[in-house]
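Protein chains: 2
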Amino acid sequence: MTKHPTHPAGWSDRLRVSSPVDLSAIDTSATPGVLDKDAAEEIFDGTSRSLPKLQEKLFADSLFGGEHSVLVVLQGMDTAGKGGTVKRVAGPMDPQGITHHAFKKPTEEELAHPFLWRVEKELPAPGQICFFDRSHYEDVLVPRVHELISSEELTARYAEINEFERRLVEGGTTVLKVMLHLGRDEQKNRLLRRLDRSDKHWKFNPGDVDDRGLWPLFHDAYEVALTQTDTEHAPWHVVPADKKWYSSLAVQQILNEALQGLDLGWPAADYDVDEQRKRLLAT
Amino acid sequence: MTKHPTHPAGWSDRLRVSSPVDLSAIDTSATPGVLDKDAAEEIFDGTSRSLPKLQEKLFADSLFGGEHSVLVVLQGMDTAGKGGTVKRVAGPMDPQGITHHAFKKPTEEELAHPFLWRVEKELPAPGQICFFDRSHYEDVLVPRVHELISSEELTARYAEINEFERRLVEGGTTVLKVMLHLGRDEQKNRLLRRLDRSDKHWKFNPGDVDDRGLWPLFHDAYEVALTQTDTEHAPWHVVPADKKWYSSLAVQQILNEALQGLDLGWPAADYDVDEQRKRLLAT
Numbered sequence: 001m002t003k004h005p006t007h008p009a010g011w012s013d014r015l016r017v018s019s020p021v022d023l024s025a026i027d028t029s030a031t032p033g034v035l036d037k038d039a040a041e042e043i044f045d046g047t048s049r050s051l052p053k054l055q056e057k058l059f060a061d062s063l064f065g066g067e068h069s070v071l072v073v074l075q076g077m078d079t080a081g082k083g084g085t086v087k088r089v090a091g092p093m094d095p096q097g098i099t100h101h102a103f104k105k106p107t108e109e110e111l112a113h114p115f116l117w118r119v120e121k122e123l124p125a126p127g128q129i130c131f132f133d134r135s136h137y138e139d140v141l142v143p144r145v146h147e148l149i150s151s152e153e154l155t156a157r158y159a160e161i162n163e164f165e166r167r168l169v170e171g172g173t174t175v176l177k178v179m180l181h182l183g184r185d186e187q188k189n190r191l192l193r194r195l196d197r198s199d200k201h202w203k204f205n206p207g208d209v210d211d212r213g214l215w216p217l218f219h220d221a222y223e224v225a226l227t228q229t230d231t232e233h234a235p236w237h238v239v240p241a242d243k244k245w246y247s248s249l250a251v252q253q254i255l256n257e258a259l260q261g262l263d264l265g266w267p268a269a270d271y272d273v274d275e276q277r278k279r280l281l282a283t
Numbered sequence: 001m002t003k004h005p006t007h008p009a010g011w012s013d014r015l016r017v018s019s020p021v022d023l024s025a026i027d028t029s030a031t032p033g034v035l036d037k038d039a040a041e042e043i044f045d046g047t048s049r050s051l052p053k054l055q056e057k058l059f060a061d062s063l064f065g066g067e068h069s070v071l072v073v074l075q076g077m078d079t080a081g082k083g084g085t086v087k088r089v090a091g092p093m094d095p096q097g098i099t100h101h102a103f104k105k106p107t108e109e110e111l112a113h114p115f116l117w118r119v120e121k122e123l124p125a126p127g128q129i130c131f132f133d134r135s136h137y138e139d140v141l142v143p144r145v146h147e148l149i150s151s152e153e154l155t156a157r158y159a160e161i162n163e164f165e166r167r168l169v170e171g172g173t174t175v176l177k178v179m180l181h182l183g184r185d186e187q188k189n190r191l192l193r194r195l196d197r198s199d200k201h202w203k204f205n206p207g208d209v210d211d212r213g214l215w216p217l218f219h220d221a222y223e224v225a226l227t228q229t230d231t232e233h234a235p236w237h238v239v240p241a242d243k244k245w246y247s248s249l250a251v252q253q254i255l256n257e258a259l260q261g262l263d264l265g266w267p268a269a270d271y272d273v274d275e276q277r278k279r280l281l282a283t
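In the order they appear, the protein sequences are chains A and B.
Heads up: the first sequence begins at 1 in full-length UniProt numbering, then just goes up one per residue.
Heads up: the second sequence begins at 1 in full-length UniProt numbering, then just goes up one per residue.
One or more of the hints may lead you astray.
Copies of one chain are not kept apart here, so a pair can be met inside one copy or by any two copies together.
To be verified - Restricting the straight-line Cα-Cα distance to at most 25 Å, the calculated cross-link-like pairs of lysine-lysine (DSS-like) are: (1) K121 with K104; (2) K278 with K203; (3) K53 with K87; (4) K278 with K188; (5) K104 with K53; (6) K37 with K243; (7) K37 with K104; (8) K203 with K104; (9) K105 with K200; (10) K200 with K278.
Just so you know, these hints were derived from the structure itself, not from any lab.
Next up, chain A with everything else stripped away, as it sits in the complex (with noise of 0.2 Å):
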């Protein structure tokens, strides 16, 4: 059997990377901690009903104060499921409280400015949790395997990055980055199911194929990424994905356990609630 679903910080330091990461020693069809299908929906659905209270518990603290957020970063090649698990994870939570931002190939301007700009703007509130599909580790991978910035460059980056995600947790947010590992013939079943239906062409760019080209570096990109930026603060864990609902399920649970780690109650009422129900009553 495996253990107990909620057993406090069991998936999140199942999946931790451990250094240097070495992303061909991990099987991308596996299934760590969960036996099949079944018992992963399972207990996929049971915290998808008690995920909203943690949730509705982190907003309900902001608004007396409390500086709490999570910040959860996906990363992952092509059709990885990156849109996907947020829809998944996200889904039984109040919108209220979610935000997800998809970035994009930078624009002129972000270009023009560095490279977190655009990344500071779309940091949670506090009370809020945040899905990046793609980051700021675009900007470490993309110019390493494209040679579009020089290695003392790139390591500047990482301890950049290092540094920026430190503040981020010293202000409340909890770093939780995850890469989905998915395996290079089930990219290429993706890409094929995309180009077989008319209602999925939309999402099939020649590009992608181009960039199957670029897998092996991607790869190496992804590890040295991975080795210099994985930290006590900010842990990086990666997670295969060749299965759609274990991917789901362990990024439900790492992000589950951090909610949970937060060990938040409800505020108190600032105001006296017999003397508030005596005035109500008195309308």
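With chain A's structure known, arrange chain B on it following the hints.
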């Protein structure tokens, strides 16, 4: 029997205000268009399954140059169910295509700007469905009730709002305005429940009791505002809100009809599908 649930324009027409608006003539506990809770939930669940596809089409369309977006403006007295309605209606849709903004009492910075300044910043981008929990209408309701500005200024604001919304609509935004019309007794019940449960105390504000004393003034302000700003391009709907299952259904159906009205298909591939399949298979 009720009309076919997806009858085009059925819900929007049924709940559209007629001028001049007389709120006292609209029963807050009525459920026009549906027989009972069971029937309502059946329609609601069915539309919850089909709505995400319409949303996805709106989103996909925007990636290929489409400029459509949707703005749902929710107004209503405290506890009218604005937040809960967003949660239920938006829940099944992809967070990627949803934005939500709850407008609070204006800050010093916001007050130093024209009243539409803070609203402009939260407008939906193409492809997005945006929910406003309160809105620019607070800036004609509160000032009228508390006599903060002259009647000439108020009149100017109604005109400014009409012009503002006309520009939005011309730019591709469908503007859906809904007042959740709550009964005064039902509000008392809802406020009492917040006092009865310690996990709801954070939602209670002693000022809510003070505002109950201003109930008739707020109703007057709503009647004038709705009458002055009910336009062909951005009509007002009044939704009876004593029953949450009804108000959620009504807002969902108004949104659903608007999305169906856009009549969007899936974007056609702007590449040669067979050629891309060959390229992909060769990788």
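Verification of the hints:
1. Taking the shortest Cα distances, K121 and K104 sit within 25 Å of each other both inside one copy (14 Å) and across copies (21 Å).
2. With identical chains, the CA atoms of K278 and K203 are at most 25 Å apart between copies only, with a shortest distance of 18 Å across copies and 58 Å within one.
3. Taking the shortest Cα distances, K53 and K87 sit within 25 Å of each other both inside one copy (18 Å) and across copies (13 Å).
4. For a Cα distance limit of 25 Å, the shortest separation of K278 from K188 across copies, 12 Å, qualifies, whereas the shortest one inside one copy, 66 Å, does not.
5. Only between protomers do K104 and K53 lie at most 25 Å apart by alpha-carbon distance; the minimum there is 23 Å, versus 32 Å within a single protomer.
6. Taking identical chains as interchangeable, the C-alpha atoms of K37 and K243 lie at most 25 Å apart only when both belong to the same chain, with a minimum of 9 Å there against 38 Å between chains.
7. With identical chains, the CA atoms of K37 and K104 are never at most 25 Å apart, being 32 Å at best within one copy and 44 Å at best between copies.
8. For a Cα distance limit of 25 Å, the shortest separation of K203 from K104 inside one copy, 14 Å, qualifies, whereas the shortest one across copies, 37 Å, does not.
9. In this homomeric assembly, K105 and K200 come within 25 Å of each other (Cα to Cα) only inside a single copy, at 21 Å, whereas the closest approach across copies is 43 Å.
10. In the homo-oligomer, the alpha carbons of K200 and K278 lie at most 25 Å apart only across protomers (17 Å), although the nearest pairing inside one protomer, at 59 Å, exceeds that limit.
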